[in-house]
Every structure is written in structure tokens, then in C-alpha cells.
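Asks: Sequence:
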Amino acid sequence: MRLNEISPAPGSKKTRLRVGRGASAGQGKTCGRGVKGQRARKGGYHKVGFEGGQMPIQRRLPKFGFRSKIAPLVAEVRLSELAKVKGDVIDLDVLRANNLVPAFSERARIVLSGGISRAVTVKGVHLTKGAKAAIEAAGGKIEAVEAAK
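Sequential numbering of the sequence shown, starting at 1, is according to UniProt numbering.
Quick caveat, the hints were computed from the structure, so don't treat them as lab data.
Check the hints yourself; a few may be wrong.
Unchecked claim - Within a straight-line C-alpha distance of at most 30 Å, the following computed DSBU-like cross-link-like pairs (lysine-lysine) qualify:
id : residue 1 : residue 2
1  : 129       : 141
2  : 29        : 13
3  : 47        : 29
4  : 47        : 86
5  : 141       : 123
6  : 84        : 29
7  : 129       : 84
8  : 129       : 69
9  : 36        : 47
10 : 69        : 123
11 : 29        : 86
12 : 63        : 42
13 : 86        : 123
14 : 132       : 84
15 : 84        : 63
16 : 42        : 84
17 : 63        : 86
18 : 14        : 42
What the hints assert, rightly or not - Quick list of the computed label-pair ranges, beta carbon to beta carbon:
id : residue 1 : residue 2 : range
19 : 99        : 69        : 22 to 30 Å
20 : 98        : 48        : 25 to 33 Å
21 : 21        : 56        : 30 to 38 Å
22 : 141       : 102       : 47 to 55 Å
23 : 54        : 114       : 33 to 41 Å
24 : 106       : 66        : 31 to 39 Å
25 : 14        : 52        : 44 to 52 Å
Quick caveat: nothing in here was measured; it's all calculated off a predicted structure.
The C-beta atom is built at its ideal place from N, Cα and C for all residues, glycine as well.
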């Protein structure tokens, strides 16, 4: 195979439609633009979504969805990720410092995923029932916050 022998697959390249080249060409006279009106003109401008004065679809359909800006941002931390944390006390500031939760998160929840082998003390962080049981089974303690749903 040589460079001059390479060609596109048959049928993959269509010839450009040459409008305004007579009636026999199939797109003569009005060139597929219909008769008169704004869209038939050369500089016929209309906005995106304009439907000729009819109520456009983006205004006909109802609005939906809402995201409260007041709702606290809760980050989830896996139990196995607590192994990355140095130190015995784990709170929200320690999780932020170890890049386990985003800096803007207001609360954190530890979920049971993986396991933990060392004893840690969890302060001010929500836990699921399974995560709480796993931490206590490893000899750890939970302070301040009750188990989250």
C-alpha cells in the first residue's frame, strides 16, 4: 500500500450540493429556501429558538428542579480511607487537612466501606451504623455526634 493508493471508503464522501444551478440540478430558482419570507432572504436574521412569533418551546415547558444553597454540603468518607490519617483523633479539620473531604464541606459522614485495623477517636463527624460498629470493634471511640441515618 502506498500513500497515493489510499482512498476513502465508497459512499463515505458525498458531493457538495450546488444550489442555484438550474432546474435540472434539483435546487434551482429558490435554492431550497421556499418562497418569500424572512428565511428566504440573504440576511434574514432570527434569534435562536424563535418560532415565528409562536410561544417558543423553552417558554412553553414548565420549569423544574431546585437546589438549596442553604443546605449543608455533606462529604462521605470511606472507613478504609481513615488509614491515611496520621494521629488518633479524627474530626472535620483533620479530614480536610488530609484531603479526604473538600475544603467547603460543612459536614462529613463516615460510611462502612473497607475496614479499619487501628483504634481511633472520632469527634464531631457523623457515622453510619456499620461504620460505628467497625470502629468500636477495632477499639476506637465515638464522641459528640450520634450515628447518622
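Asks: Next, verify each hint and record whether it holds.
Replies: Hint-by-hint comparison with the structure:
Our distance criterion of 30 Å between C-alpha atoms is met by residue 129 and residue 141, whose separation comes to about 14 Å. Taking the CA atoms of residue 29 and residue 13, the gap is about 26 Å. The hint holds against a cut of 30 Å. A distance of roughly 26 Å separates the Cα atoms of residue 47 and residue 29; the hinted pair therefore holds under the 30 Å criterion. Proximity of residue 47 to residue 86 is assessed by CA-CA distance (about 59 Å); at most 30 Å being required, the pair is judged violated.
Distance restraint check for residue 141 and residue 123: the Cα-Cα separation of roughly 9 Å lies within the 30 Å cut-off, and the hinted pair is therefore satisfied. Simply put, residue 84 and residue 29 have alpha-carbon atoms about 74 Å apart, too far for the 30 Å limit, and the pair is violated. With a C-alpha separation of about 22 Å, the suggested pair residue 129 and residue 84 falls inside the 30 Å cut-off, and the hint holds. Simply put, residue 129 and residue 69 have alpha-carbon atoms about 28 Å apart, close enough for the 30 Å limit, and the pair holds.
Proximity of residue 36 to residue 47 is assessed by CA-CA distance (about 19 Å); at most 30 Å being required, the pair is judged to hold. Of the supplied pair hints, the one linking residue 69 and residue 123 holds, its CA atoms being roughly 26 Å apart against a limit of 30 Å. This hinted pair does not check out: residue 29 and residue 86 have alpha carbons roughly 79 Å apart, beyond 30 Å. Proximity of residue 63 to residue 42 is assessed by CA-CA distance (about 36 Å); at most 30 Å being required, the pair is judged violated.
For the hint linking residue 86 to residue 123, the alpha-carbon distance of about 15 Å falls within 30 Å, and the restraint holds. The suggested pairing of residue 132 with residue 84 holds, with an alpha-carbon distance near 18 Å, which does not exceed 30 Å. Between the alpha carbons of residue 84 and residue 63 the distance comes to roughly 44 Å, so the proposed pair goes past 30 Å and is violated. Of the pairs offered as hints, the one joining residue 42 and residue 84 is violated, with about 66 Å between alpha carbons and a cut-off of 30 Å exceeded.
Restraint check: the Cα-Cα separation between residue 63 and residue 86 comes to about 48 Å, which exceeds 30 Å; the hinted pair is violated. Taken as a hint, the residue 14 and residue 42 pair is honoured in the structure, with Cα atoms around 26 Å apart against an allowance of 30 Å. For the pair residue 99 and residue 69, the supplied restraint of 22 to 30 Å holds, since their beta-carbon distance comes to about 25 Å. A hinted range of 25 to 33 Å is violated for the C-beta pair residue 98 and residue 48, which are about 47 Å apart.
Remark: the range hint 30 to 38 Å for residue 21 to residue 56 is upheld by a beta-carbon distance near 36 Å. Look at residue 141 against residue 102: about 26 Å separates their beta carbons, and that is not inside 47 to 55 Å. Between residue 54 and residue 114 the C-beta distance comes to about 57 Å, which lies outside the given range of 33 to 41 Å. For the pair residue 106 and residue 66, the beta carbons lie near 19 Å from each other, so the given range of 31 to 39 Å is not met.
The hint said 44 to 52 Å for the Cβ distance between residue 14 and residue 52, and at roughly 31 Å that hint is violated.
Hint compliance for this structure: hints 4, 6, 11, 12, 15, 16, 17, 20, 22, 23, 24 and 25 are not met, and every other hint is.
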